[in-house]
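Work out the full structure, taking the sequences as your base and the hints as a guide.
Protein chains in written order, with the working numbering: chain R, 1 to 266; chain F, 267 to 366.
Treat the hints with caution; some may be incorrect.
[What the hints assert, rightly or not] BS3-like mimics (lysine-lysine), calculated; alpha carbons at most 30 Å apart, straight line:
#1 R:Lys137 / F:Lys307
#2 F:Lys307 / R:Lys264
#3 F:Lys294 / R:Lys245
Calculated from the structure, these hints are not laboratory results.
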Amino acid sequence: MTDQVAESEITSLPLSDGGRYVYCIIRSDRQREFGSIGIGGGQRVFTVAYQDLAAVVSDTPIVIYDPTRENVLAHEFVNETVMREHTVIPMSFGTVFRSEDDVTELLRSTYQAFSDVLEKMQDKIEFGLKVLWDRDKVVATLERENDEIRRLKDEISRHTTTSTYFARMQLGRLIDSAMEELSSRYVSDIHEALKPVAVASRSNKPIGDRMILNAAFLVDRAQEQAFDDRVKETSRKYEDVLAFKYSGPWPPYNFVNIKLKLEKAD
Amino acid sequence: MGLLSNLLFFPVTGPVAGIKWSLGKVQKVVEEELTDDTAIKQDLMELQMQLELGDIDDDEYARRESEIMGRLRDVRAWRERLGKATSGGPVRVARDTDEE
Numbered sequence: 001m002t003d004q005v006a007e008s009e010i011t012s013l014p015l016s017d018g019g020r021y022v023y024c025i026i027r028s029d030r031q032r033e034f035g036s037i038g039i040g041g042g043q044r045v046f047t048v049a050y051q052d053l054a055a056v057v058s059d060t061p062i063v064i065y066d067p068t069r070e071n072v073l074a075h076e077f078v079n080e081t082v083m084r085e086h087t088v089i090p091m092s093f094g095t096v097f098r099s100e101d102d103v104t105e106l107l108r109s110t111y112q113a114f115s116d117v118l119e120k121m122q123d124k125i126e127f128g129l130k131v132l133w134d135r136d137k138v139v140a141t142l143e144r145e146n147d148e149i150r151r152l153k154d155e156i157s158r159h160t161t162t163s164t165y166f167a168r169m170q171l172g173r174l175i176d177s178a179m180e181e182l183s184s185r186y187v188s189d190i191h192e193a194l195k196p197v198a199v200a201s202r203s204n205k206p207i208g209d210r211m212i213l214n215a216a217f218l219v220d221r222a223q224e225q226a227f228d229d230r231v232k233e234t235s236r237k238y239e240d241v242l243a244f245k246y247s248g249p250w251p252p253y254n255f256v257n258i259k260l261k262l263e264k265a266d
Numbered sequence: 267m268g269l270l271s272n273l274l275f276f277p278v279t280g281p282v283a284g285i286k287w288s289l290g291k292v293q294k295v296v297e298e299e300l301t302d303d304t305a306i307k308q309d310l311m312e313l314q315m316q317l318e319l320g321d322i323d324d325d326e327y328a329r330r331e332s333e334i335m336g337r338l339r340d341v342r343a344w345r346e347r348l349g350k351a352t353s354g355g356p357v358r359v360a361r362d363t364d365e366e
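The structure is reproduced here in structure tokens:
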């Protein structure tokens, strides 16, 4: 045995007896391996079983993982890989257990809830849909097409109103409310178009000031193609005014709500 | 007694109580600001979005990401110092302590 091997054995010893990073919970009655794709530089990803449930984990030192793009993508990539063959209950990013026993205890104590949710989520996947618009373009269109706004704007530019200041204020308010109306009409049109091909949907808070819709859709695997077609069709319908950012399939992050009773382990 | 004794014997009660109250309030606001990571997470999501939209490049992303991670770590440190719950780090299933 060379020195190098001995050395790597020493460094791997405390690891294999150390913490476990948990990615998701699946149903599986046999030991599974998912390759060296884990967080923290390609750790081996494997399962810890309790009866017919299994936690998908990798070895980790006891650390707090920052939600950097690299770490979040590693977490995501494992879940995507596991999802190809299993229905998954995703764990939130950064969940580290101190030992394998603690992971088994998690499965044991939450067995019923995990089983119920796995059954409900059987063959369901999530898609994310973010819809953005170009505010300047929308304002320009409104100024052209909305009679009231156009009239007021003309008055301001010709200085025919007595108070330009108040006219401007009024113009701002008119534009704001017209935009709000327009945005909620787009959003409800999109929801209506996708509702028939989705099991459920959830709207999250839009990110940044260009986004008008930030939604997640739960879709039956059998409906994946139909959902996909409908999204593309809808995005074509609005291609002049709206940009669709469509992503997935994801594990059902937005549709699993199990409040785990976890406490800090020191 | 009551108001009269306050006026006669403790002429500074009013202002002192006032100062205490506002200090307490300031401390609460400061505490909330130090320990609330909602805005930081929102910033991180916006940054992510900007990268996906091609508004910023990888270098710019990395630079601003590390600044945001620093702020997240600060909040975590404050939360720990003030005895508040933190996310991340080792956890275990809560053992029921009151099993009567």
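Here is what the structure says about each hint:
For the hint pairing R:Lys137 with F:Lys307, the CA-to-CA distance comes to about 29 Å; that is within 30 Å, so the pair holds. In summary, the hint linking F:Lys307 to R:Lys264 is supported, as the alpha carbons are separated by about 22 Å, within the 30 Å threshold. Taken as a hint, the F:Lys294 and R:Lys245 pair is broken in the structure, with Cα atoms around 40 Å apart against an allowance of 30 Å.
Checked against the numbered hints above, the structure violates only hint 3.
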